[in-house]
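Peer 1: As you go down the protein sequences, you meet chains A and B in turn.
Under numbering that gives the first Met the number 0, the first residue of the first sequence carries the number 0, and numbering increases by one thereafter.
Under numbering that gives the first Met the number 0, the first residue of the second sequence carries the number 0, and numbering increases by one thereafter.
By construction, these hints were calculated from the structure, which means they are not laboratory data.
Virtual Cβ for every residue (Gly too), placed ideally from N, Cα, C.
Do not take every clue at face value.
[Claimed, not checked] A short list of chain B residues far from chain A (calculated; beta carbon distances all over 12 angstroms):
hint, residue
1, 11
2, 77
3, 88
4, 97
5, 145
6, 207
7, 211
8, 215
9, 301
10, 302
11, 304
12, 308
13, 335
[To be verified] Some chain A residues near chain B, calculated using beta-carbon distances under 7 angstroms:
hint, residue
14, 25
15, 33
16, 64
17, 68
18, 115
19, 116
20, 117
21, 120
22, 122
23, 124
24, 176
25, 178
26, 181
[To be verified] Which stretches of chain A does chain B cover? Using the computed rule of at least three CB atoms under 8 angstroms from a CB of chain B, they are:
hint, segment
27, 34-43
28, 99-105
29, 126-136
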Amino acid sequence: MKKSRRIEGALSCPFFNAKIVEVESPLYIFTGKGCAGRSTFAASLSILLARQGRRVIAVELFPLLGKTSVSRIVSTQPPSIRKRITSIALHAERVAKEYVLRKVKVEILASILARTELFRYILSAAPGLKELLCLGKIWQLCKDGKRMGYEAVIWDAPPFERLMELINIPLLAAESTKGSPVYREALKIVSLLKDRSRIRLFYIMGNEDSMLIENTITVPSNNMGLNLTPGIIIINKWEKGSEAECSNSPDSTITFNHRKIPVYRVPYFYKTSRDIPLMIIEELERCLKRIT
Amino acid sequence: MSEKDYIGRLFQGCNIVVCCGTSGSGKSTIALSLGLLAINHGRKPLIFTTVPSTGLFPFKELKPFIKEIDAPSSLNRFLKNLCSDAEIYKGLLKNSLYCSIATAFSGSKEYAILLELFFEWERGKYDFYIVDLPFSENPYIILESQAKISRVFESNALKWLIPEGSKTTTPYMIRKGGHTLITKIISRLSGRNLLDELRDFFIHFKGISDKFLDAFKKADMIIKSPKITSYVVVMNPCQEAVHITRWILRRLHRDGIFPSLLILNKIRASSERDIKDMRATSRDQRLPIISEEVHIIEGMRQLIDKNTKIMCIPYFPSPLKDIEALMRIVHWIDPFLKDN
Chain A
0 MKKSRRIEGA
10 LSCPFFNAKI
20 VEVESPLYIF
30 TGKGCAGRST
40 FAASLSILLA
50 RQGRRVIAVE
60 LFPLLGKTSV
70 SRIVSTQPPS
80 IRKRITSIAL
90 HAERVAKEYV
100 LRKVKVEILA
110 SILARTELFR
120 YILSAAPGLK
130 ELLCLGKIWQ
140 LCKDGKRMGY
150 EAVIWDAPPF
160 ERLMELINIP
170 LLAAESTKGS
180 PVYREALKIV
190 SLLKDRSRIR
200 LFYIMGNEDS
210 MLIENTITVP
220 SNNMGLNLTP
230 GIIIINKWEK
240 GSEAECSNSP
250 DSTITFNHRK
260 IPVYRVPYFY
270 KTSRDIPLMI
280 IEELERCLKR
290 IT
Chain B
0 MSEKDYIGRL
10 FQGCNIVVCC
20 GTSGSGKSTI
30 ALSLGLLAIN
40 HGRKPLIFTT
50 VPSTGLFPFK
60 ELKPFIKEID
70 APSSLNRFLK
80 NLCSDAEIYK
90 GLLKNSLYCS
100 IATAFSGSKE
110 YAILLELFFE
120 WERGKYDFYI
130 VDLPFSENPY
140 IILESQAKIS
150 RVFESNALKW
160 LIPEGSKTTT
170 PYMIRKGGHT
180 LITKIISRLS
190 GRNLLDELRD
200 FFIHFKGISD
210 KFLDAFKKAD
220 MIIKSPKITS
230 YVVVMNPCQE
240 AVHITRWILR
250 RLHRDGIFPS
260 LLILNKIRAS
270 SERDIKDMRA
280 TSRDQRLPII
290 SEEVHIIEGM
300 RQLIDKNTKI
310 MCIPYFPSPL
320 KDIEALMRIV
330 HWIDPFLKDN
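Work out the full structure, taking the sequences as your base and the hints as a guide.
Peer 2: Here it is, written out as structure tokens:
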């Protein structure tokens, strides 16, 4: 009796919980066609969840402009919303340093190691290592999200084709990194991405690509052999039809990989750049309500 | 260059045109349209693209002029030409790191395009080469490819990864001890195989690295020469794309490159009148008067020069599923070329 109580007590402590519950925070991925509005939707979901009083973390891999797109969009929001949204850019060197520190556990040693020419050389010369580390970091955020105070992880991901390449890297690097902690963590993100119960993949595309919807998803997906299926397809910047028709369009599902995927149309909001997130948030809320 | 050689005049006599820009801005469409235009103007173009012809652009008419780049096969072919010893070539193909580089490494597509462009340009079978670069960081990857590859093959760190001979001096021994420790920690974190494969890759590559670097140096000279290569920057007027385009222009500017053509694609006009205005202003080579777009161009003024032509193309909501659809864009560009 005494023993079982001790076990119960141990299981309820955060450390054990983290080990038992594989992923604490759900992962929302926003991918699709380039410039279709991935970042806008990622930021809108962050704002929507923040309005409900939840704390979220938005991540972006190797942003070209240093600052993440989500942080730029969120910056127009009031401080009460802003403080609940953390936006981080994953830069390979910083992630690698953090990773080494987590594993080596001695800060001085980790920082010396990260500064050495050989370390930086291996990081840049070994193909896929940077991507592996960053994928591992996303998994880490999902795993420890709640302990860190985040209820959701939002990934403003690259365009779908690039995302498929990125996810494929751990599989390609399997032979050379097998058995290593880097590989184990990256493989977990791949299994997480395939698990529809723990992730929600939003595929955002433009109006002009809507006729080619099956091609844009199936070609890269089949090439990689991953069969990553979107959870929701959003056709953004929709022009035809009135706003009332948008979310209740008769052709609002598509069959892909023997699954019916809901398709939503979000109208194009012309020349109202400052208000776009607010309008998109309303549309997104309506989409999510219908799914849940 | 004849008076009627509009393409030659627009691109200042260059016979290589690189289309770069943000993702989803319409780079591939513009590249195909320029190809179609070049054919109409009596040129023999070759379009390099990574977009699968079976996927987004099923244009049979343009097929003989499109070179679809498949990174692994391009890089393999290139290596086969470089390797005089078949054993070295087989050894490289077996190396799992090389396989990753050829298929999934960010930049492998751009490197493959660069090499294919260099060989085709040297062969001279075509008189106009159009490069459709994938993804938005593309100008960075191709402009820095030579420097990046040189850094990898000529780095000091390489001699610690593959030690040559041994010295007995104290400073050398201390450094060697330090590097052995670092290597051990890295191999614990990333797996021992990764470092072994990396060493194996460089050992196999040693004999051909000079030829490899030489090809990239020549390709680098071609794409940075204003007499040979001209750049077309394509953007759409969304906020994010504007930020990234500025970044692209700054990167080109760092190498003294100004694009010959800056295309504002997918502009949504609120009325028919706006479309007419846009066509008129694009032809006059003045700023477009659609107020939303004026500040976009103004913010980029210092990153373009007087020879850079600015062109606006309206948004066409239906997809590019046949050659007629592509012709809509060609009809938009053609009068612009003649007027400029």
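Peer 1: Can you verify the interface hint for residue 120(A): is its Cβ closer than 7 angstroms to any Cβ in chain B?
Peer 2: Check passed: Cβ of residue 120(A) comes within 4 angstroms of chain B, closer than 7 angstroms.
Peer 1: When the nearest CB of chain B is found for residue 122(A), is that gap smaller than 7 angstroms?
Peer 2: violated (9 angstroms)
Peer 1: Quick one, is the residue 116(A) hint okay against chain B at 7 angstroms, beta carbons?
Peer 2: Interface hint status for residue 116(A): holds (5 angstroms vs cutoff 7 angstroms).
Peer 1: Can you verify the interface hint for residue 178(A): is its Cβ closer than 7 angstroms to any Cβ in chain B?
Peer 2: With a minimum Cβ separation of about 6 angstroms from chain B (threshold 7 angstroms), the hint on residue 178(A) holds.
Peer 1: Verify that the Cβ of residue 304(B) lies farther than 12 angstroms from every Cβ atom of chain A, and report whether the claim holds or is violated.
Peer 2: holds (23 angstroms)
Peer 1: Just to be careful: measuring from the Cβ of residue 33(A) to every Cβ in chain B, is the smallest value less than 7 angstroms?
Peer 2: holds (3 angstroms)
Peer 1: Would the non-interface assignment of residue 215(B) survive a Cβ cutoff of 12 angstroms against chain A?
Peer 2: Per Cβ check, residue 215(B) is outside 12 angstroms of chain A; nearest 16 angstroms; holds.
Peer 1: So is residue 145(B) really clear of chain A, every C-beta pair being over 12 angstroms apart?
Peer 2: For residue 145(B), whose nearest Cβ neighbour in chain A is about 15 angstroms away, the distance exceeds 12 angstroms, so it holds.
Peer 1: Can we confirm that no CB of chain A comes within 12 angstroms of the CB of residue 97(B)?
Peer 2: Violated: least Cβ distance 9 angstroms, not greater than 12 angstroms.
Peer 1: Could you check that no beta carbon of chain A comes within 12 angstroms of the beta carbon of residue 207(B)?
Peer 2: The claim holds: residue 207(B) sits with its nearest Cβ about 17 angstroms from chain A, beyond 12 angstroms.
Peer 1: Is the nearest Cβ of chain A still more than 12 angstroms from the Cβ of residue 211(B)?
Peer 2: Per Cβ check, residue 211(B) is outside 12 angstroms of chain A; nearest 14 angstroms; holds.
Peer 1: Are all C-beta atoms of chain A more than 12 angstroms from that of residue 11(B)?
Peer 2: Correct as stated: the minimum Cβ-Cβ distance to chain A is 28 angstroms, above 12 angstroms.
The structure fails to meet hints 4, 14, 22 from the earlier list, while all remaining hints are met.
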